[in-house]
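Construct the entire structure; sequences and hints are all you get.
There are 2 protein chains.
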Amino acid sequence: MSTSRAVPYHHGDLKAALLEAAAALLDEGGVAAVSLREAARRVGVTPAATYRHFADKEALLAALATQGFEAFSKAMQQAARKAPESFAAMGVAYVRFAVRHPGMFRLMFGPAVADRSRSPELQAAIAKSTQVFDQGLKMRGDAAGDAGLAALRAWALMHGLAMLSLDGMLPGYDAETLARALTKMPLPANKKVST
Amino acid sequence: MSTSRAVPYHHGDLKAALLEAAAALLDEGGVAAVSLREAARRVGVTPAATYRHFADKEALLAALATQGFEAFSKAMQQAARKAPESFAAMGVAYVRFAVRHPGMFRLMFGPAVADRSRSPELQAAIAKSTQVFDQGLKMRGDAAGDAGLAALRAWALMHGLAMLSLDGMLPGYDAETLARALTKMPLPANKKVST
Numbered sequence: 070m071s072t073s074r075a076v077p078y079h080h081g082d083l084k085a086a087l088l089e090a091a092a093a094l095l096d097e098g099g100v101a102a103v104s105l106r107e108a109a110r111r112v113g114v115t116p117a118a119t120y121r122h123f124a125d126k127e128a129l130l131a132a133l134a135t136q137g138f139e140a141f142s143k144a145m146q147q148a149a150r151k152a153p154e155s156f157a158a159m160g161v162a163y164v165r166f167a168v169r170h171p172g173m174f175r176l177m178f179g180p181a182v183a184d185r186s187r188s189p190e191l192q193a194a195i196a197k198s199t200q201v202f203d204q205g206l207k208m209r210g211d212a213a214g215d216a217g218l219a220a221l222r223a224w225a226l227m228h229g230l231a232m233l234s235l236d237g238m239l240p241g242y243d244a245e246t247l248a249r250a251l252t253k254m255p256l257p258a259n260k261k262v263s264t
Numbered sequence: 070m071s072t073s074r075a076v077p078y079h080h081g082d083l084k085a086a087l088l089e090a091a092a093a094l095l096d097e098g099g100v101a102a103v104s105l106r107e108a109a110r111r112v113g114v115t116p117a118a119t120y121r122h123f124a125d126k127e128a129l130l131a132a133l134a135t136q137g138f139e140a141f142s143k144a145m146q147q148a149a150r151k152a153p154e155s156f157a158a159m160g161v162a163y164v165r166f167a168v169r170h171p172g173m174f175r176l177m178f179g180p181a182v183a184d185r186s187r188s189p190e191l192q193a194a195i196a197k198s199t200q201v202f203d204q205g206l207k208m209r210g211d212a213a214g215d216a217g218l219a220a221l222r223a224w225a226l227m228h229g230l231a232m233l234s235l236d237g238m239l240p241g242y243d244a245e246t247l248a249r250a251l252t253k254m255p256l257p258a259n260k261k262v263s264t
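Top to bottom, those sequences are chains A and B. The working numbering puts the first residue of the first sequence at 70, with every later residue one more than the last. The working numbering puts the first residue of the second sequence at 70, with every later residue one more than the last.
Any given hint could be a false lead.
Repeated chains share a single entry, so a pair holds when one copy, or any two copies, can fit it.
[As the list claims (entries may be wrong)] DSS-like cross-link-like pairs, simulated, lysine-lysine; straight-line CA separation at most 30 angstroms:
id, residue 1, residue 2
1, K126, K253
2, K207, K253
3, K126, K207
4, K84, K253
5, K126, K151
6, K84, K207
7, K143, K197
8, K197, K84
9, K197, K126
10, K143, K207
11, K253, K197
12, K151, K84
Keep in mind that the hints were calculated from the coordinates and are not lab data.
Laid out in structure tokens, this is it:
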């Protein structure tokens, strides 16, 4: 999600500097490697200085996950714009994001942020991702019939593929190639597609 | 996967007693709660006594995951046998297993066992699960066309649904109901279905 070296903090936006340092820690060692103390050390401030911006580690993780979902939405949107087959492109973008940013992806969808409802920003970023995904699916015309169920199926499919890849259950396969193949398979004809 | 109280070890099979204690730890607190030392304490032997059976924590986790995949295969097989719609039943069994045994499911598919190839027993148990799943899918007649891809799609779909449920991304929904709905949606007609 970020460069892996933290930039020393000189001036200005301490919150952004802490987030950048935390994103680097996440990239390097996953959720377990993220701490307010270490982020503060890298930025060159005392741990106490961080509490003005983040009440606790979970608040820091929620802010990181928010940035993650924002980047995720952007990646899916750009993919859908470029390709004529927007759902396939978006599916590939979904899996690519997971494979390139495994620490962030696990943070976004995993149990590290125990209570997502504590952060309205995170909630909004998740809702935005869902909206981008649903939009891409609609462009394919598959959302007729039970639109909610069709969207959930597409989401579960890409998410399952991403997780199985990250967790080494598909050794020898390229996750993006699989995503392309799966999204290009015809989805069920949900009776009529009204345009 | 087991009762949540460990039975004190009196006689006989120390390896089985340690596995049972470790399964209880997994149920209670997830992968992080499992340790050879604590399993030994519950069974009433010294930590040193465990090393005859498990070289390290990863060996213990691999043995636990093996038992998990065996139980998982059995659950899917039983589900497929009972119902006429075997794939739907199997999909529900997949998600039900995840929801009822979250610690075990995360261990089986997650990163805790870093190198699955170290355990031939685990490899065999995973292969068996895959085989049961593929078999159930074939009974539906959807595996025509590219059978490997159709099986992967079904797997990714159920796995994604299980993970999204476990990770609280589908609040307010019952995972088994969703699994039933998704597996009953028509899968793509893969051109010809030859019987």
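Results for each hint:
For a Cα distance limit of 30 angstroms, the shortest separation of K126 from K253 qualifies neither inside one copy, at 41 angstroms, nor across copies, at 42 angstroms. In this assembly of identical chains, K207 and K253 lie within 30 angstroms of each other by CA distance both inside one copy and across copies; the values are 15 angstroms within and 21 angstroms between. With identical chains, the CA atoms of K126 and K207 are never at most 30 angstroms apart, being 38 angstroms at best within one copy and 47 angstroms at best between copies. Taking CA atoms no more than 30 angstroms apart as the test, K84 paired with K253 passes in neither setting, with 42 angstroms inside one copy and 48 angstroms between copies.
For the identical chains of this complex, K126 and K151 are neighbours neither inside a copy (38 angstroms) nor across copies (47 angstroms), given an alpha-carbon limit of 30 angstroms. When the C-alpha separation of K84 and K207 is checked against a cutoff of 30 angstroms, the pair qualifies neither within a copy, at 38 angstroms, nor between copies, at 54 angstroms. Within a single copy, K143 and K197 get their C-alpha atoms as close as 10 angstroms, which meets the 30 angstroms cut-off; across copies the closest is 40 angstroms, which misses it. In this assembly of identical chains, the alpha carbons of K197 and K84 lie at most 30 angstroms apart only when taken from the same copy (23 angstroms versus 50 angstroms across copies).
In this assembly of identical chains, the alpha carbons of K197 and K126 lie at most 30 angstroms apart only when taken from the same copy (24 angstroms versus 41 angstroms across copies). Taking the shortest alpha-carbon separations for K143 and K207, only the intra-copy value of 18 angstroms comes in at or below 30 angstroms, while the best inter-copy value is 38 angstroms. Proximity of K253 and K197 under a CA criterion of 30 angstroms is satisfied in both settings, with 24 angstroms inside one chain copy and 29 angstroms between copies. For the homomeric pair K151 and K84, neither the shortest alpha-carbon distance inside one copy (34 angstroms) nor that between copies (57 angstroms) is at most 30 angstroms.
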